[in-house]
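Spelled out from the first residue to the last, the chains are:
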Amino acid sequence: MADRGRGEGKLRLLVGKVGLDGHDRGVKIIARALRDAGHEVIYTGLHQTPEMVVATAIQEDVDAVSLSILSGAHNTLFPRVIELLRRAKTSIPVFGGGIIPEEDIPFLKKRGVKAIFTPGTSTQDVIDWVARNIRPGAQASRGTEARREKPAPRRRPGKRR
Amino acid sequence: MKQDGASTRRRTRRQWEKGTLVPALKKAPERMAEFTTLSGVPVERLYTPEDLEDWRPEEKLGLPGEYPFTRGPYPSMYRGKLWTMRQFSGFGTAKDTNRRYRYLLDHGQTGLSVAFDIPTLMGLDSDDPRSLGEVGREGVAIDTLADMETLFEGIPLSKVSTSMTINAPAAVFLAMYLAVARKQGADWKQVQGTIQNDILKEYIAQKEWIYPPRPSIRIIVDMIAFCTRHVPKWNTISISGYHIREAGATAAQELAFTLADGIGYVQACTEAGLDVDSFAPRLSFFWNAHSDFFEEIAKYRAARRIWARAMRERFKAKDPRSWTLRTHAQTAGCSLTAQQPYNNIVRVALQALSAVLGGTQSLHTNSMDETLGLPTEQAVTIALRTQQILAEETGVANTIDPLAGSYFVESLTDRIERQGLDLIEAIDRMGGIVAAIEQGFPQREIAEAAFRYQQQLERGEKVMVGVNRHVESASAPIEILKIPPSAETRQIRSLRRVRMKRNARAQRRAMDSLLRAARGGRNLMPSILEAVEGYASVGEICGTLKTVFGEYREEKTHF
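These protein sequence lines map, in sequence, to chains A and B. 95 is the number that our numbering gives to position 55 of the first sequence; each next residue is one higher, with no gaps. 1274 is the number that our numbering gives to position 96 of the second sequence; each next residue is one higher, with no gaps.
A few of these clues could be false.
[What the hints assert, rightly or not] Restraint ranges, calculated between C-beta atoms of paired labels, are given here:
| no. | chain 1 | residue 1 | chain 2 | residue 2 | range |
| --- | --- | --- | --- | --- | --- |
| 1 | B | S1456 | A | R127 | 54 to 60 Å |
| 2 | B | R1280 | A | E123 | 28 to 34 Å |
| 3 | B | H1285 | A | F147 | 32 to 38 Å |
| 4 | B | G1609 | A | M92 | 51 to 57 Å |
| 5 | B | R1683 | A | F147 | 46 to 52 Å |
| 6 | B | R1694 | A | E123 | 41 to 47 Å |
| 7 | B | G1583 | A | F147 | 55 to 61 Å |
| 8 | B | K1361 | A | E91 | 36 to 42 Å |
| 9 | A | E91 | B | Q1556 | 38 to 44 Å |
| 10 | A | E91 | B | S1254 | 55 to 61 Å |
| 11 | B | G1583 | A | M92 | 43 to 49 Å |
Hints listed in this document are in silico derivations from the structure and should not be mistaken for laboratory results. C-beta: ideal position from N, C-alpha, C; glycine also.
Chain B with its partners taken away, still in its complex shape:
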């Protein structure tokens, strides 16, 4: 009997089901009626060549460093250079944080990542009444260039690459960083780093905003235009899914909303007259490394493919560097539990492994105590060691994209890609991501997904060990880092000293120039730099811009 290969396989699988599987299931049924990923994607019992029947590796995968980059953005991946181990950190005053940075650099960390406190993220000074109780709590408090100088004291900005997690007031912090670099004698053309600068995900998820979306986008376009000319190695936006996921999104929503944000930025820049290949290579991404191992790997791979196609086909980018999606990843804070906190070390290790198998360019591993407070030195060291063990002991960095060709991983990659593309198309139909945000679309979708997951957790359909299964009556307390309230008073005192000492007339002149730039169409960056170098505070600069751009607010709602 003559048969083609595919039907032979199909017959074999049917035979297996009938002859082997069904009798076994009769004796011992499966654990659940339905298996799904953490995001609710159905997972079959078995994947076989049939699942990849129409799947062409040359079209879906390509090769590392080549379109569509499914296998990774670089030709040699971790065989050439390991991912950057970058622990996000910051607390108290600039002096406290500077000490932690030097500790991390001494212990083998290869890049810095600045966590700012919430007043700073909102563009408020430490002595603003709204900052009360929050100064230096969740990150470092920075008010003026003087703090930034202290933050990087003894750290050569020409050598270290720095990532700054700041969005709404990002332009001010880029200016401060460049001012410190200039004072240290570093060449701006050589300065390397990343500023998160992703305001769209703030409206969607993290919600640390200042101005409404449209003027915020204008500031970002100005920053990109400025960096393209003066700071060519700077990564101008880290388009972030991390916070979208933390807010409760599914993997596909994280993927889609983030890529839609990216498309929104590229659109705004090209509309402002920038050539896509002049800035697109400096855009980077930031994913959440969550707990569903294979789903996450599929997400990173699908993201690279969607981005490559969007850049090449939608925006007609010609430079292959514009097509590549380079990414940072951080393990999922929301997956950690306050209960039995040592278990978090294991969660983080597995999440980190999936990010590495998914081909991330840099990685932050969370510390086990992050549901309780900012990490202690011991906890952050274990988190860093976790990455070093993955990189140097396990062998996972020795070959590129090792899961390629897996029937399951490729099927899941295709499926998540499809779900992502569907959502991106829905956003396109709404008129793009800004319009979708204004209509509350991603916000609603995420809140819905978060509620659904909470219910699944409470019904025991999804499991968090130590929370709804394998619960212990008491767990050993662990050490928690305490931020003394004195950080706030110290910071306010030092801010007032800076205000007293600076040149008031130069200060007023800089603010006038900033106002004129904001009202007109001139690039804002030179005026912001001038203000920063005259020791204007972040609150003063953002406050001035607010008078022109207005303020974004969330209204009271009746549920």
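For reference, chain A alone in the conformation it holds in the complex:
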């Protein structure tokens, strides 16, 4: 897609609440922190289905999708969003957070979630991770796979897991 006039390092990010849970304190804090870090942030609003999130991601031509789930439905909803993105032939990366037990994280990573942030994460950690791991034009870069996963940064206690 043609240049959208983004500044250096500026990304277009979709933050979404998928599923029925209405806990939006965290997602709004993240949305605002990412905006304050210089990105364009689109918030889906509450109670989105995976289909709605994927449609918005494509329509808004975003560089990454970030999902917040506090309902316990993460093992169903994350893989569903990733599957729908794959079917739509895009490689928009997905990351997210919420109340997600440690032991579910390997499963989610295996299903393609790039990172999971759990309670106690600072907004700066999320901003830094995004800066290191998300590149503009995810959809255009499909297939080139220029951006290989960097080795995971050393885990800090009680932060990202």
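Following the hints, position chain B against chain A.
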């Protein structure tokens, strides 16, 4: 030299500052330049009689069980009856939860409190595509009366008081509860319990809604009118600050938005022609028991005072029971940490203590594992034991409102009352709480406060032990309750069985009657009862009402 008492005191305090304090500060300065409560209210180094110079106990406090109820809604408070220990619980299917209820009742719990899963809270059936992955996860899945019958099997509804945390589809669940009670042979006039039924705070904070605000209020008015006649001991709304606080509000915002919601309900009922004293005594409240010990105590006390004055002066209620604010409290889920989870036991104990010192009527203590998932049996037992230790070992229940007269607590109570009243006045100027919600006012204020707190946390100005201070590299894992995905399939199968077995014609008739009631002005409750007793599902009933009332949605926003 002759001086009046006040100036003697003032001179003494100045002398203390000059002669004693300042030299000490020169040697060792204070830990911080500014001390504030968790909500950001400045806290002075010392409170003295000067802070209460114009303060009249007879006007500000009154006596227990008397206007303005600062000291408590009842004359004997916990000396007569301890607070109700009510642990919120529910998970998986009705059968799973019924087993937990019997366990809790056997272990000395004195009331039930039903947690429903999210599809149920949204008025969706377990087999709705949007329910995928969420059935039975955060609470119990209830689709039809058949589930409700299982939920209360072996539990006599004439004896146990039940609280149901449900809002948007509350009318359906009240009808189901009453239908079970009728089947058990219980007299509706004796049935006791509470339904949360507080839709306004859903738009403000918890966000599990179905219809837009105005038709939602109509349903609530219908429920109140119905209960006033047929179920007189039922608490018709639990006006809730809990979720407002969890969403990030300050103590004063929690207080103000919640009381403004209460004012909104009373206004709607009186406009519908109900006499204020016929329903106001059955309204109750629900506060968040957060971590700033004294601020919380001040909040409960200020809330009772504001409500008493609003009911008496604004609504001209004459029955003293209409003036009293009775409340449930729950310790703050958002204060718990996934890191070093055993620390949560201590947090909960202190929060519970402040709720008791603030005079709550019932209490839920959170379990230490609630940032990780639903509580295990062991965790929930410790939480219940925490309340029993407070009630039976510490002596805090032996005297009424023990902190009254404290220079600090009374100053803080006055201050939070003032902040609350200012916000309520701002909402009045917007045209009341519904208009304020439609303009997004409380939602914005809360998001702002939540962001501010997050920043304070990240700058280290506010502390969460184990998260931004006293961090440990690894903490011992604790047991987590797992809800097997099979709960979802089992629930869907049983719902389909109910649909097959029920009388289809009676079902259609009930839905037609419901539609007519919704389109006209007739009270909705009899039609909902008829539908429920014919085993209509919550999704079918709410779906039918949606065709008349419409659906509330949150739009996409660009930040």
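Results of checking the hints against the structure:
A hinted range of 54 to 60 Å for the beta carbons of S1456 of chain B and R127 of chain A is consistent with their spacing of about 58 Å. Judged by the Cβ atoms, the range 28 to 34 Å given for R1280 of chain B and E123 of chain A is violated: they are separated by roughly 41 Å. For the pair H1285 of chain B and F147 of chain A, the beta carbons lie near 35 Å from each other, so the given range of 32 to 38 Å is met. Restraint check, G1609 of chain B to M92 of chain A: a C-beta distance of roughly 33 Å breaks the suggested window 51 to 57 Å.
R1683 of chain B and F147 of chain A have their C-beta atoms about 47 Å apart, which keeps the hinted 46 to 52 Å range intact. Distance hint for R1694 of chain B and E123 of chain A: a CB-CB separation of about 44 Å, consistent with the stated range 41 to 47 Å. As the Cβ distance of G1583 of chain B to F147 of chain A is approximately 57 Å, the hint placing it in 55 to 61 Å holds. Hint check: K1361 of chain B to E91 of chain A, Cβ distance near 41 Å, so the stated range 36 to 42 Å holds.
Judged by the Cβ atoms, the range 38 to 44 Å given for E91 of chain A and Q1556 of chain B holds: they are separated by roughly 40 Å. A C-beta distance of roughly 58 Å is found between E91 of chain A and S1254 of chain B, which places it inside the suggested range of 55 to 61 Å. At roughly 57 Å, the beta-carbon separation of G1583 of chain B and M92 of chain A lies outside the given 43 to 49 Å, and the hint is violated.
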